[in-house]
Structure formats: structure tokens, C-alpha cells
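With the hints as a guide, dock the two chains, each given alone in a separate frame, to form the complex.
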Amino acid sequence: GEQVEQRPPHLSVREGDSAVITCTYTDPNSYYFFWYKQEPGASLQLLMKVFSSTEINEGQGFTVLLNKKDKRLSLNLTAAHPGDSAAYFCAVSVRSNYQLIWGSGTKLIIKP
Amino acid sequence: DPKIIQKPKYLVAVTGSEKILICEQYLGHNAMYWYRQSAKKPLEFMFSYSYQKLMDNQTASSRFQPQSSKKNHLDLQITALKPDDSATYFCASSQEGANTEVFFGKGTRLTVV
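Residue numbers (the working numbering), protein chains in the order written: chain A, 1 to 112; chain B, 1 to 113.
Derived from the structure by calculation, the hints contain no laboratory data. Predicted model only: the values in this text are computed from it and were never measured. Careful: at least some of the hints might be erroneous.
[To be verified] Cut-off 25 Å, straight-line C-alpha distance, at most; resulting in silico cross-link-like pairs (DMTMM-like, lysine to aspartate or glutamate):
1. A/K107 with B/D75
2. A/K49 with B/E96
3. A/K68 with B/E101
4. A/K107 with B/E96
5. B/K7 with A/E15
Next up, chain B with everything else stripped away, as it sits in the complex (with noise of 0.2 Å):
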């Protein structure tokens, strides 16, 4: 069974609209973070969380805001979505500390139409 569920896989989304890409972990970890991919950027480091708390922000637009409504969940709400905006976004956990292992959720795949 996965351990990081990101809702939904796929996702097609109009220019100008808003989504909410939803991730919940079930690992007991107290750091979740959110990652893209895309063909521009093989791997980027978006935010990360812990404790429910902002750790580090590495996302210049604040179209992007991680939402945190319980300690194994964070949601990414992205406004005014952009085609640029098209990527799979990763959701990602680990137990805070410097030699523990990170785990990927399967990622959500958002085109922007």
C-alpha cells in the first residue's frame, strides 16, 4: 500500500484557475515537503514543512501556498495557474534529521490548458 498518497494523478486545468493538489503520509513523519519536475527542471525543491510549520521556501510566486490541516497532511493550492505551471508536482516526507531518508509520493501530474 502507499505510505504517501497524492490526489489526484492527473490533473488538466484551464489558464487563470485554481487547484489544490492534496497529499496525506502515513509514515508517522514530522517533515513533508513538495518537489516539480518538468522538462525545464529535473527536480526542484518547492517548500518544506515541519511539525505543520513553514521550514523553507524555495518558490519565488506566492501563487503557490502549501497548507498544512493536520501533522500528516500538505496540501499545494496553486492560483492563477499558468501553462509554465505544468509539472508533476512530488509530495515527499521524512522523519526530521540529517540521515534519514526522504520517500516520494507517486506525484500529481498537472497540465495547464
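The following block holds chain A by itself, in its conformation from the complex (with noise of 0.2 Å):
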């Protein structure tokens, strides 16, 4: 079945540098991409979305990346600030079943 694994478990940046966060998967009919925030002590919120077709997202200062090739998917931070501060993590929709397969999150952490 599909396997999701996502690097790196904890990140550290100063505050204006840029994060990534990557995950890869395995099964080629993946099918949905997400990924998710945590902020410390609250639940997960959908962060985006990102469709098989699509390989670039972008929202407010974060771009997710979409390498079908590879099997990867990225989320960059640009200019990082402390309310980035959470963990992240990415989930993958498969298309046989529906059934969403998590990677093990990364802690990021934004240093002044």
C-alpha cells in the first residue's frame, strides 16, 4: 500500500529564512495532496490542497510544490516568521480508496 514519508521531523530557521518541507509517496495513483498545521496545542487545519493536475500552489507566504516524477511534494516557506511556528503535515489521498495516508510531521520552529 501506500507509504508517505516526510523529512525532516524537526526544523529550525531564523526568522525572513526560507523552510522546506518534503514528503514522498509511493503509489503512482496517488491522486489528492495535502497539507496541514498544527499549531501548538490546537487541532490540524487544512493549509492547502493540491490536485494531481496541479504542480504549483501558492498562498500566503508559502509555495507547494508537486514533482509526479518523483513522487514528491514540498511545502516552502518563504520569509518565515514566528507565527510559522507549528508542525506540518502532509497527506496523501489514494485513489482506490480514498483512504488518506499521513506523513509523521515536522516540527518547525522559527527563531528570532
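Below is the structure:
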């Protein structure tokens, strides 16, 4: 079945710097891709969802890249600020049963 | 207003006891889930239900039993509690399908002493 590997598990960057979190997946039939953000002590909230036909999606202060050839999904935070300190999880939807397979999370800390 | 209500927010239980975690969603979703989060496992899928029927069970222990009395309810009964069960339990829901967002409740933080 689908396996999703997320790296790195911990990431610390200075305010204003960029941060990159990557997920690789195994199932070529993976269909939809999600990034969730979990602020300290809070629940998970959707940051962005990417469809298989989309390669680049931009949000406020971040970009999601999907490379289907390499089966790689990345979240690039540009000019990180303290509000970006959180845990980030990727999730991949498998076409066969629409089940979400989750990455193991990245704890991001933004240092002043 | 929160659309997925989990009760209680915090729960302390004695080893060997039984507790029920409550979850109700008011999003009109047909799929509901339980996830667990602890220091050992950042996010662990436990169960999924669709139209009140169990679709997937990734929990090895039968001490965890979901209960769905209504379409928008999915409670989690945990028996013979162990300290290792200490975690935050998140209820979630979605409209079944490949491209739909999963919405999470605020969680119940369970501590077993």
C-alpha cells in the first residue's frame, strides 16, 4: 500500500529565512495531496490541497510543489515568521479508496 | 462555533478503568474518523466510518471500540485503560471522496494515571 515519508522531523530556521518540508510517496495512483498545519496546543487545519494536475500552488507566504515524476510533494515557506512555528503534516489520498495516508509530521520552529 | 464537538476536552483516568470520548459533527459529513496523537506517534489513524459503518480499523487493540448511534456521532470507548493510552484523541470528519478536506475537532487530551 501507499507509504508516505516526511522529512525532516524537526526544523529550526531564523525569522526571515525559508524552510522546506518534503514528503515522498510510493503509489503512482496517488490522487490528491494535502498540507495541514497544527499550531501548538491546537488542532490540525488545512493549509492547502493540491490536485494531481497541479504542480505549483501558492498561498500566503508559502508554495506547494508537486513533482509527480519523483513522487515528491514539498512545502516551501518563504520569509518565515514566528506565526509559522507549528507542526506540519502532509497527507496523500489514494485513488482506490480515497483513504488519506499521513506523513509523520515536521515540527518547525522559527527563531527570532 | 466549532463544527466538530469533542467532549471532554481533558480527561484523567485511572489505570484499568473505562472511558468514552464523545464526538459530534455538524458539517453534514458522511465519513468520520478517530486519530491519536502522542509524543511517540505524531499522528496515528485509528478508525474510519462511513454512513455509520466501519470502513477501516488500524488499531490493533480491541480495547478501543467506536460507537456510532447517529449519523453525525462517533464516540470512542476505551476499556482497561493503560498509561500508554495517554494521548490526545482527535475526531475528524469529511465528505467521502478523494479531494475532500478532513476537518478535525479540537481533541480530547487523555491522561491515564
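Hint by hint, here is what the structure shows:
no.: 1; hint: A/K107 with B/D75; in the structure: violated (29 Å)
no.: 2; hint: A/K49 with B/E96; in the structure: holds (15 Å)
no.: 3; hint: A/K68 with B/E101; in the structure: holds (21 Å)
no.: 4; hint: A/K107 with B/E96; in the structure: violated (29 Å)
no.: 5; hint: B/K7 with A/E15; in the structure: violated (37 Å)
Hints 1, 4 and 5, counting from the list given before, are not met by this structure.
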